[in-house]
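There are 2 protein chains.
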Amino acid sequence: MTMSNIISIEKILHGDRRAVARAISAIENDNGEAKKILSSLYRHTGHAYRIGITGPPGAGKSTITNKLAKWYRRHNMRVGIIAVDPTSPFSGGALLGDRVRMTDVELDDGVFIRSMASRGSLGGLSKKTSEAADVLDASGVDIIILETVGVGQSELDIAGSADTTVVVLVPESGDGIQAMKAGLMEIADFFVLNKADRPGAEQAVVSMKMILGFRAHNETTWMPDVLKSVASEDKGIAEIGALIARHKTHLEQTGELAIRRTKRVRERIEEMIQEKLEVDFWNTARRKRLEDHLRSVLKFEETPYDAAKDLLGTFEPEVHRPPDDSQ
Amino acid sequence: MTMSNIISIEKILHGDRRAVARAISAIENDNGEAKKILSSLYRHTGHAYRIGITGPPGAGKSTITNKLAKWYRRHNMRVGIIAVDPTSPFSGGALLGDRVRMTDVELDDGVFIRSMASRGSLGGLSKKTSEAADVLDASGVDIIILETVGVGQSELDIAGSADTTVVVLVPESGDGIQAMKAGLMEIADFFVLNKADRPGAEQAVVSMKMILGFRAHNETTWMPDVLKSVASEDKGIAEIGALIARHKTHLEQTGELAIRRTKRVRERIEEMIQEKLEVDFWNTARRKRLEDHLRSVLKFEETPYDAAKDLLGTFEPEVHRPPDDSQ
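Read top to bottom, the protein sequences are chains V and C. Plus 43 on top of the position in the first sequence (first one is 1) and you've got our numbering. Plus 43 on top of the position in the second sequence (first one is 1) and you've got our numbering.
Because the hints were derived from the structure by calculation, they are not lab data. For clarity, every value in this text was computed on a predicted model and none was experimentally measured. Worth double-checking, as some hints may not be accurate.
Since the list gives no way to pick one copy over another, a pair counts as held whenever it fits inside one copy or between any two copies.
Straight-line C-alpha distance at most 20 Å; calculated EDC-like pairs for lysine to aspartate or glutamate [unchecked claim]: (1) K352 <-> D323; (2) K306 <-> E321; (3) K306 <-> E282; (4) K352 <-> D151; (5) K78 <-> E344; (6) K238 <-> E215; (7) K306 <-> E344; (8) K352 <-> E321; (9) K342 <-> E276; (10) K352 <-> D200; (11) K271 <-> E344; (12) K278 <-> E321; (13) K78 <-> E345; (14) K79 <-> E345; (15) K342 <-> E295; (16) K352 <-> D73; (17) K78 <-> D349; (18) K342 <-> E53; (19) K342 <-> E299; (20) K278 <-> D268; (21) K352 <-> D268; (22) K342 <-> E310; (23) K352 <-> E313; (24) K113 <-> D152; (25) K79 <-> E344; (26) K113 <-> E321; (27) K306 <-> E334.
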């Protein structure tokens, strides 16, 4: 450990907003510093409770996130928000037609908001959001809200890796039922039907509960419920907060929380390994060789499978010895 | 090449539906046979034109796909459809509340429809859809339509890898503008505003054209346009077909088609390599070792970074020699 770190671990641990922001930027840019910071912070994590908020575009995820953050603030809890939803006003995705003003929570010193880009990160997105959440966790927040759009594999992975995952739907256009089939059903710990003052809300809730009723369950199993909210009017927010708390207690009592956290760590290690294997593989020589192969493949002189096989044949990765074996 | 292949290459090349279906199943199941089949088929590909149809859930992608397929049939072209949209009736995602009947195209011998699951494929989704498209291509179809839901990185990747990518939007709820910001803008060769008989359609088209106008372009650059359709009434379908044809001509004349196809092949080779590296890495011994590490990481005795480093240190992949070097 050297003192050359520009980003101070001490400052992050004391909740310094600027240090936290810079650490998350280092993660986003994937520079060498990020790994050092995260290694130093790791043993200070594990305190914060992670909540995933997901659902289709336009369901009101940001409004719920906003109101829920304020609800936690009223309970004197510190909140970190990570928005990876391209349609979220938090992540700058809704500048045009922006319907939610975020400034009220943004100006609160007990809330830290960070948006992360969902494009161009080549599959490392869930690793990066997890790492950003670790920084927030070590900085002393009590609650971390991960807001992601609920369509698409990597986006669902992020929300699904939270301790409690809340899926937000709206009454319109049969979205509720369709969305429940699109991978959201598996990750939801409970559903919120937002904009519940609109026509069709009651019917949507009934359909959703009916579908949920088909799931196998017994008395010790958590049974996902459906809550109603009108987040823009702050209706239903306390109920969401209370159900999250009840779910947390359930996870703790059944040992499920430890299982979820183990799964999360396992996935992160797997992602790190995948990333490193790719970086090691795609050196300049192999990139150049790929271009040569491409020419033959496009002339149908060679198949893509033969090209891949040849490239793999050239791979002998640098062997990394664990530090404790080096003696 | 042995005769032990259960799936006949000859039959696929002659367009036998059953052989095609079985080949795509082999790809989905990722069994050893798939690679052999694809290697044999590869030099028979390159004829079909690939169209990506994407957009938010409920925009009417399946209806457009359906009507467009029928339009191509009227022009005596054979059509293959691959649906990876979890909300598509093609992929069985809209059994509840199904609003589109697909049987009219499904019963037509000149249309082959295949749905592919978008969950549980661990990142191999775009590779598998590309390979399934290759099978259809070799089977003699003229047009391949890839229908994917347009939110989420891997789903956008699939649509974006087509020769022409059509983004379908609807007038409601400002979706148009929001969706244009969510990664769809970059991949769209043109937009279709479907359900254009609904209120707000004209305004949505104006906004979309305004946003598109901001993009840098000159006389030789393709300028994405916005078409209107009411697909359920077959309105605007011929115009979509005509604009796809015009875009194809543009791509051919500018050399852009070759560039897109090169990019597609490059990405496939990269995906195959990534997959193989992971399979080689995660053998039983290393899986077991990961479990040991997990225990220490969860007790905060070790960081996930050290665990990953140790696991990587044990990796020396089998060296694969290309066949032509083995002599």
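Going down the list of hints, with the structure as the test:
{"no.": "1", "hint": "K352 <-> D323", "in the structure": "both (17 Å within a copy, 13 Å between copies)"}
{"no.": "2", "hint": "K306 <-> E321", "in the structure": "between (23 Å within a copy, 18 Å between copies)"}
{"no.": "3", "hint": "K306 <-> E282", "in the structure": "neither (28 Å within a copy, 50 Å between copies)"}
{"no.": "4", "hint": "K352 <-> D151", "in the structure": "neither (55 Å within a copy, 39 Å between copies)"}
{"no.": "5", "hint": "K78 <-> E344", "in the structure": "between (43 Å within a copy, 17 Å between copies)"}
{"no.": "6", "hint": "K238 <-> E215", "in the structure": "both (9 Å within a copy, 15 Å between copies)"}
{"no.": "7", "hint": "K306 <-> E344", "in the structure": "between (45 Å within a copy, 17 Å between copies)"}
{"no.": "8", "hint": "K352 <-> E321", "in the structure": "both (15 Å within a copy, 14 Å between copies)"}
{"no.": "9", "hint": "K342 <-> E276", "in the structure": "neither (62 Å within a copy, 43 Å between copies)"}
{"no.": "10", "hint": "K352 <-> D200", "in the structure": "neither (30 Å within a copy, 24 Å between copies)"}
{"no.": "11", "hint": "K271 <-> E344", "in the structure": "neither (60 Å within a copy, 43 Å between copies)"}
{"no.": "12", "hint": "K278 <-> E321", "in the structure": "neither (48 Å within a copy, 47 Å between copies)"}
{"no.": "13", "hint": "K78 <-> E345", "in the structure": "between (40 Å within a copy, 14 Å between copies)"}
{"no.": "14", "hint": "K79 <-> E345", "in the structure": "between (44 Å within a copy, 14 Å between copies)"}
{"no.": "15", "hint": "K342 <-> E295", "in the structure": "between (60 Å within a copy, 17 Å between copies)"}
{"no.": "16", "hint": "K352 <-> D73", "in the structure": "between (29 Å within a copy, 17 Å between copies)"}
{"no.": "17", "hint": "K78 <-> D349", "in the structure": "between (36 Å within a copy, 10 Å between copies)"}
{"no.": "18", "hint": "K342 <-> E53", "in the structure": "neither (58 Å within a copy, 22 Å between copies)"}
{"no.": "19", "hint": "K342 <-> E299", "in the structure": "between (54 Å within a copy, 16 Å between copies)"}
{"no.": "20", "hint": "K278 <-> D268", "in the structure": "within (17 Å within a copy, 42 Å between copies)"}
{"no.": "21", "hint": "K352 <-> D268", "in the structure": "neither (50 Å within a copy, 42 Å between copies)"}
{"no.": "22", "hint": "K342 <-> E310", "in the structure": "between (40 Å within a copy, 17 Å between copies)"}
{"no.": "23", "hint": "K352 <-> E313", "in the structure": "between (23 Å within a copy, 11 Å between copies)"}
{"no.": "24", "hint": "K113 <-> D152", "in the structure": "within (12 Å within a copy, 59 Å between copies)"}
{"no.": "25", "hint": "K79 <-> E344", "in the structure": "between (47 Å within a copy, 16 Å between copies)"}
{"no.": "26", "hint": "K113 <-> E321", "in the structure": "neither (42 Å within a copy, 43 Å between copies)"}
{"no.": "27", "hint": "K306 <-> E334", "in the structure": "between (38 Å within a copy, 11 Å between copies)"}
The structure does not agree with the numbered hints 3, 4, 9, 10, 11, 12, 18, 21 and 26 stated previously, though it agrees with the rest.
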